[in-house]
Amino acid sequence: MLIAFLASFSWIQAQEVKLSASEATTFINDVSKSAKQSKTIVNTFTQLKHIDFLSNDIESNGDLYFKSPNIIKWSYTKPYKYSVIFKDKKLYINDAGKKSDINLASNKVFKKLNDLIAKSVSGDMLDESQFAMQFFKNKGIYIAKLAPKDQTLKNMFKQIVLGFESKSYLVSSVKLIEPSGDYTLIKFKNTSVNKPIPDAVFIH
Amino acid sequence: MRYLYISIFLFCCISCKVATVKDYTETDIEGDELFQNPYFSSSVVDYVYKADIKVYGNEFSGILILKKVAPLKHRIVFTSQFGTTFFDLEIENDSYRINSIVEQLDRKIILNTLIRDFSLLIKEKGAVTGKYYNDEFTVLQSDSNKRSNYYFYELANKRLHKIVQATKRKEKVIIRFKEFSNNQVAENIRIDHKNIKLNIELNFLKK
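Chains as they are written, first to last, in the working numbering: chain R, 40 to 243; chain S, 18 to 224.
Honestly, I wouldn't trust all of these hints.
To be verified - Below 25 Å or equal to it, Euclidean Cα-Cα: the simulated DSS-like pairs (lysine-lysine) are:
1. S:Lys67 to R:Lys129
2. R:Lys137 to S:Lys175
3. R:Lys78 to R:Lys188
4. R:Lys150 to S:Lys67
5. R:Lys120 to S:Lys211
6. R:Lys117 to S:Lys67
7. S:Lys195 to R:Lys128
8. R:Lys214 to S:Lys179
9. S:Lys71 to R:Lys117
10. R:Lys138 to S:Lys67
11. R:Lys129 to S:Lys71
12. R:Lys57 to R:Lys106
13. S:Lys71 to R:Lys147
14. S:Lys148 to S:Lys125
15. S:Lys71 to R:Lys226
16. S:Lys85 to R:Lys138
17. R:Lys176 to R:Lys150
18. S:Lys163 to R:Lys138
19. R:Lys126 to R:Lys234
20. R:Lys120 to S:Lys175
21. S:Lys195 to R:Lys137
22. R:Lys150 to S:Lys163
23. S:Lys175 to R:Lys228
24. R:Lys150 to R:Lys120
25. R:Lys147 to S:Lys163
26. S:Lys223 to S:Lys211
27. S:Lys67 to S:Lys39
28. R:Lys137 to S:Lys125
29. S:Lys175 to R:Lys138
30. R:Lys120 to S:Lys163
31. R:Lys75 to R:Lys184
32. S:Lys125 to R:Lys120
33. R:Lys214 to S:Lys187
34. R:Lys117 to S:Lys195
35. S:Lys163 to S:Lys67
36. R:Lys117 to S:Lys214
37. S:Lys163 to R:Lys137
38. S:Lys67 to R:Lys137
39. S:Lys148 to R:Lys226
If you're looking for bench data, these hints aren't it; they were derived computationally from the structure.
The structure presented is a predicted model; accordingly, all values stated were derived computationally and were not measured.
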């Protein structure tokens, strides 16, 4: 059993190949180019919250709308209706019809989280001054492992792992790992880029 | 004359009775009777609720996760919808341990209230110090730390309907349980404070 486990573990490790310095530079440039060209992104997402002591991960689903440079809407549809729009330095919440907003200018933690999320959706966050970065390739996917340098972000997450489609350089998954090791994994599907999004989507 | 004193004494006792069980009839406790709260007593169930907390006009929404991790120990984690942790704590008997808490909630008064509420919410069983009844409910009283907890059981099905925590004179907290599923889960829970503006509503998340 243990041997089987170790064998599978080393097999997983072996699939992940570290990019060389020049490959990494090319990759960063390609992602940056793709992010700049993505004026809008629409997709569906599945979010899994993993907490070590729970028997099952907590799953939620919904739709994501992104408009460059930093308007973003997370619309959870399952298991309950809940949406947040990050827009004009504010966070607008619609909790099953109950509306509220939070001023991001007065809330450092939310502001940093917002910037992080907006950038991780477009992939435009491979910034050496903000993160200690490592890059890997595993079959058809590029993997960026980012350790925050900023103290506020560091308190929330010890590592952020982004998965990128190797052809389009679009983000296909985001894993936010907390200092305790518990994590939130968000997987994106049905992604469409540069399709116009009706203004009504971003109205609170 | 002696009877008059006794009557006055008895009258005082009765009038001192907290409003919670004022109109109830007192009855004898049966031997070593215990109060029971089944709603967080399973170690295999992940108790995952959408939580809405209202405190002095501010509202917080998130996911509250409770799990019985040892015979007398519960882990309680409150996260945002995005999964970031607001607090992570453990309650074991009458003691607690904080694994992490965000700056905004890390205040003694908030923490003490939350710990007291959660302790009351998850406490599984304990000694009974009084027993009352009316047409609808049997009420078991249990005293701890200068407060009394009153457990209301429906007569018809013996289901725990609510818990009221009170001092000698005043009710402080009421926990109401509603909408039950097969495996002893209360799918809707409300925690209301009487002396401070704090309300918590929990709705069980189905898969």
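Numbered hints the structure breaks, given as an ascending list: Numbers 2, 3, 5, 7, 8, 12, 14, 15, 16, 17, 18, 20, 22, 23, 25, 26, 27, 28, 29, 30, 32, 33, 35, 36, 37, 39 - these are the hints that the structure violates, sorted from lowest upward.
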